[in-house]
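> Each chain, written out:
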Amino acid sequence: MSAPAPHDRDAPGPNEVWVFVELDGGRAADVSLELLGRARELADRLGTRAGAVVTGTGAADAAAALIACGADTVYVAEHDELAAYRTGPYARVVSGLVRRYRPQIVLYGATTTGRDLAPRVASELRTGLTADCTDLRIGDHSTRETAYRDLLYQIRPAFGGNIIATIVCPEHRPQMATVREGVMRLPEPDDTRSGQVVSIDVETEAGSGEGGKDGRASDPAPAEPSAAREATATAILLRPEDLEVALLDRHKEEKKVDLKGARIVVAGGVGVGSREGFALIEQLAEALGGVVGASRAAVDAGWVDRDHQIGQTGTTVRPKLYIAAGISGSVQHRAGMDESARILAINTDPLAPVFSVAHYGVVGDLHEVIPRMIAAYKVKGAG
Amino acid sequence: MKHAPSTHAQLRIAVLVKQVPDTANVTGKAMKDDGTVNRAALPAIFNPEDLNALEEALRLRDRHGGRIIVITMGPPAAVQVLRESLYRGAEEVVLLTDRRFAGADTLATSYALACAVRRLGDVDLVLCGRQAIDGDTAQVGPQTAEKLGLPQITCVSRIDEVVPPRRLAATSSGLGTAAYEHRGSVTATRSIEGGYETLRAPLPAVLTITGEANDPRPPSAKLVLTYKDVAAEAWPDYDDSYLDPQSDAAEVCLIDHDGRPVCRARVVLWDAAAIGTEEGLTGLRGSPTRVKEIESVVLAQPDARMVEPTDEGITELVHKLIAEHILG
Numbered sequence: 001m002s003a004p005a006p007h008d009r010d011a012p013g014p015n016e017v018w019v020f021v022e023l024d025g026g027r028a029a030d031v032s033l034e035l036l037g038r039a040r041e042l043a044d045r046l047g048t049r050a051g052a053v054v055t056g057t058g059a060a061d062a063a064a065a066l067i068a069c070g071a072d073t074v075y076v077a078e079h080d081e082l083a084a085y086r087t088g089p090y091a092r093v094v095s096g097l098v099r100r101y102r103p104q105i106v107l108y109g110a111t112t113t114g115r116d117l118a119p120r121v122a123s124e125l126r127t128g129l130t131a132d133c134t135d136l137r138i139g140d141h142s143t144r145e146t147a148y149r150d151l152l153y154q155i156r157p158a159f160g161g162n163i164i165a166t167i168v169c170p171e172h173r174p175q176m177a178t179v180r181e182g183v184m185r186l187p188e189p190d191d192t193r194s195g196q197v198v199s200i201d202v203e204t205e206a207g208s209g210e211g212g213k214d215g216r217a218s219d220p221a222p223a224e225p226s227a228a229r230e231a232t233a234t235a236i237l238l239r240p241e242d243l244e245v246a247l248l249d250r251h252k253e254e255k256k257v258d259l260k261g262a263r264i265v266v267a268g269g270v271g272v273g274s275r276e277g278f279a280l281i282e283q284l285a286e287a288l289g290g291v292v293g294a295s296r297a298a299v300d301a302g303w304v305d306r307d308h309q310i311g312q313t314g315t316t317v318r319p320k321l322y323i324a325a326g327i328s329g330s331v332q333h334r335a336g337m338d339e340s341a342r343i344l345a346i347n348t349d350p351l352a353p354v355f356s357v358a359h360y361g362v363v364g365d366l367h368e369v370i371p372r373m374i375a376a377y378k379v380k381g382a383g
Numbered sequence: 001m002k003h004a005p006s007t008h009a010q011l012r013i014a015v016l017v018k019q020v021p022d023t024a025n026v027t028g029k030a031m032k033d034d035g036t037v038n039r040a041a042l043p044a045i046f047n048p049e050d051l052n053a054l055e056e057a058l059r060l061r062d063r064h065g066g067r068i069i070v071i072t073m074g075p076p077a078a079v080q081v082l083r084e085s086l087y088r089g090a091e092e093v094v095l096l097t098d099r100r101f102a103g104a105d106t107l108a109t110s111y112a113l114a115c116a117v118r119r120l121g122d123v124d125l126v127l128c129g130r131q132a133i134d135g136d137t138a139q140v141g142p143q144t145a146e147k148l149g150l151p152q153i154t155c156v157s158r159i160d161e162v163v164p165p166r167r168l169a170a171t172s173s174g175l176g177t178a179a180y181e182h183r184g185s186v187t188a189t190r191s192i193e194g195g196y197e198t199l200r201a202p203l204p205a206v207l208t209i210t211g212e213a214n215d216p217r218p219p220s221a222k223l224v225l226t227y228k229d230v231a232a233e234a235w236p237d238y239d240d241s242y243l244d245p246q247s248d249a250a251e252v253c254l255i256d257h258d259g260r261p262v263c264r265a266r267v268v269l270w271d272a273a274a275i276g277t278e279e280g281l282t283g284l285r286g287s288p289t290r291v292k293e294i295e296s297v298v299l300a301q302p303d304a305r306m307v308e309p310t311d312e313g314i315t316e317l318v319h320k321l322i323a324e325h326i327l328g
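In order, the protein sequence lines correspond to chains E and H.
Take the first sequence: its position 359, counted from the start at 1, is 359 in the working numbering, and no numbers get skipped.
Take the second sequence: its position 122, counted from the start at 1, is 122 in the working numbering, and no numbers get skipped.
One or more of the hints may lead you astray.
So these bits of chain H aren't anywhere near chain E, every CB distance computed over 10 Å [to be verified]:
#, residue
1, Q10
2, H64
3, P75
4, A78
5, Q80
6, R99
7, P165
8, R166
9, E181
10, R217
11, V224
12, A273
In silico lysine-lysine, BS3-like type, Cα no more than 25 Å apart, as pairs [as the list claims (entries may be wrong)]:
#, chain 1, residue 1, chain 2, residue 2
13, H, K320, E, K380
14, E, K320, E, K380
15, E, K320, E, K256
16, H, K320, E, K320
17, E, K378, E, K320
18, E, K260, E, K320
19, E, K320, E, K255
20, E, K378, H, K320
No wet-lab data here; the hints were simulated from the structure.
For every residue, glycine included, the Cβ atom is placed at its ideal position computed from N, Cα and C.
Required output: the full structure, derived from the provided sequences and hints.
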């Protein structure tokens, strides 16, 4: 992380670059921290502050980590009704904060939460939203009438991956986008960074809620108890209709597949041919000490669980070795693996696009090639 | 007709569907030489998850009674997905088509769809697919819900229970205006990362349905015969009085050129005026986002080191990867 820019000490204000932060077991989710890293870069490029919005119960506890990962301002909205994600109250809080502080950019993880929340907020604010971006940059844009400076370029594959589109939102603010986990790099936390925590009062219409303790900006260190509770007029009010959907049950298991942390990924695609055929992919992964990945087509065919999906709408990986077996390599798939240190492609079609990103290519049938690889590796391993 | 309109329709379900290019089955060159998308190479299909949404609607209708109204926005050719909906058992179909809708991003699309749902009057459930395969944005469902001021449950893999509303009087004077003894509710399970959550929303509500929810039924041969001539041509007729099940017009038949009744359903055609959209909120003008640039995907020349698929080639490759400390 670079040294704090001079404006770091300025008060939170308009034109910040925001990230909506999801909490996962009390700590900020990786995807949110990854986005914060990019938000930091975008804010530096724009000469403004990076902001993190965190909602829930115990949200304030995440503030220090968010500042270490690049936030200048952390907006904390705590209320019992925000304990678990629900569309209504979350959308109310986020759009309320946007109206109050007017950030120029708001980024969301393309999770089931972000993809539920962001469109609702975009619609309420009547602004644009681009889903599943694979890159975000700052640049200019001109039409016949107007020249726009420093817009957010929202870059994503579209139309089944046959094109890469750059989307802009010239006239409406904030500019909003969702990004999948793993697309941006996780920033190195810098515990010496400083930032401000802004506690936001949230109240239910009946006024029964446990709002934030302090409406004013304070240091990230243990917040000073403030005698002056922020006036009710400036609290964000949750209306009865925001709360009418009840969460009856939530069941979440720890991720069974750790693709992001894998040093070796062995991924199978259409060329594998069947659910049974995937056993071969699993054998190679096991032999090499790798994790099983898959193309979307293989997942859609039901051969392997969705947790294994690599690509724009799956997981993005950067392992030391990525083996693509029977994967043609659509742009969406390549977006999820083309930064791997080494890519080995095995495909019967010598013209398969996957060879364009591969370091090693084998034109051949994976059903013959993989057993040879396992045999060769075992011999070497024994020797 | 099996599903005659009842005076106390238990559920009125609007299903929002989209005709999409079949991006998974490109039959020719996807891009023209000038870099634009070659739509001719992409056959148009019923967006897969919208079929799942229709299937959920059909199951609910079969269980509770009621009516299904399918809405699509698109060019006149999009009438094909409405026909497909009739073949599977939808009662009513609406095509939103107007030059003023063209070039819409998800916000402008949702606005037009929400205006159309409002025009339908009392609807208990709005269902649509989670996302369309041409953009995979999953934004239109939640944005339509927000425009309608209705609760949403997205990414639904199972509808657990629907308690139909009890209306004090059968009315269709506008969304949410009916007098209810109780509003009814929907309980649904949505897929989240590594698990699921179950939510209950009061009706009316908007649900987006995933492919996990069901296996859509095929078209019924009988219904295909009944409806195959539907809307062979579209005509600007905004008389939708038959949408009110109380109306005599509900029994009106589509008359063919020779004056013979063809079937009882027809395609209702609505333009921007018919659904009362505000100037500037539809189509490209109503869309905050702009496509700045489209790059056709050009592949780099392969510079992969090619390895023979023989024992010798593979063994040499494995040794090389071990020597590079790529394999341990």
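> Could you check the structure against the hints above and give me the numbers of any it violates, in ascending order?
Nothing - there is no hint that the structure violates, so all of them hold.
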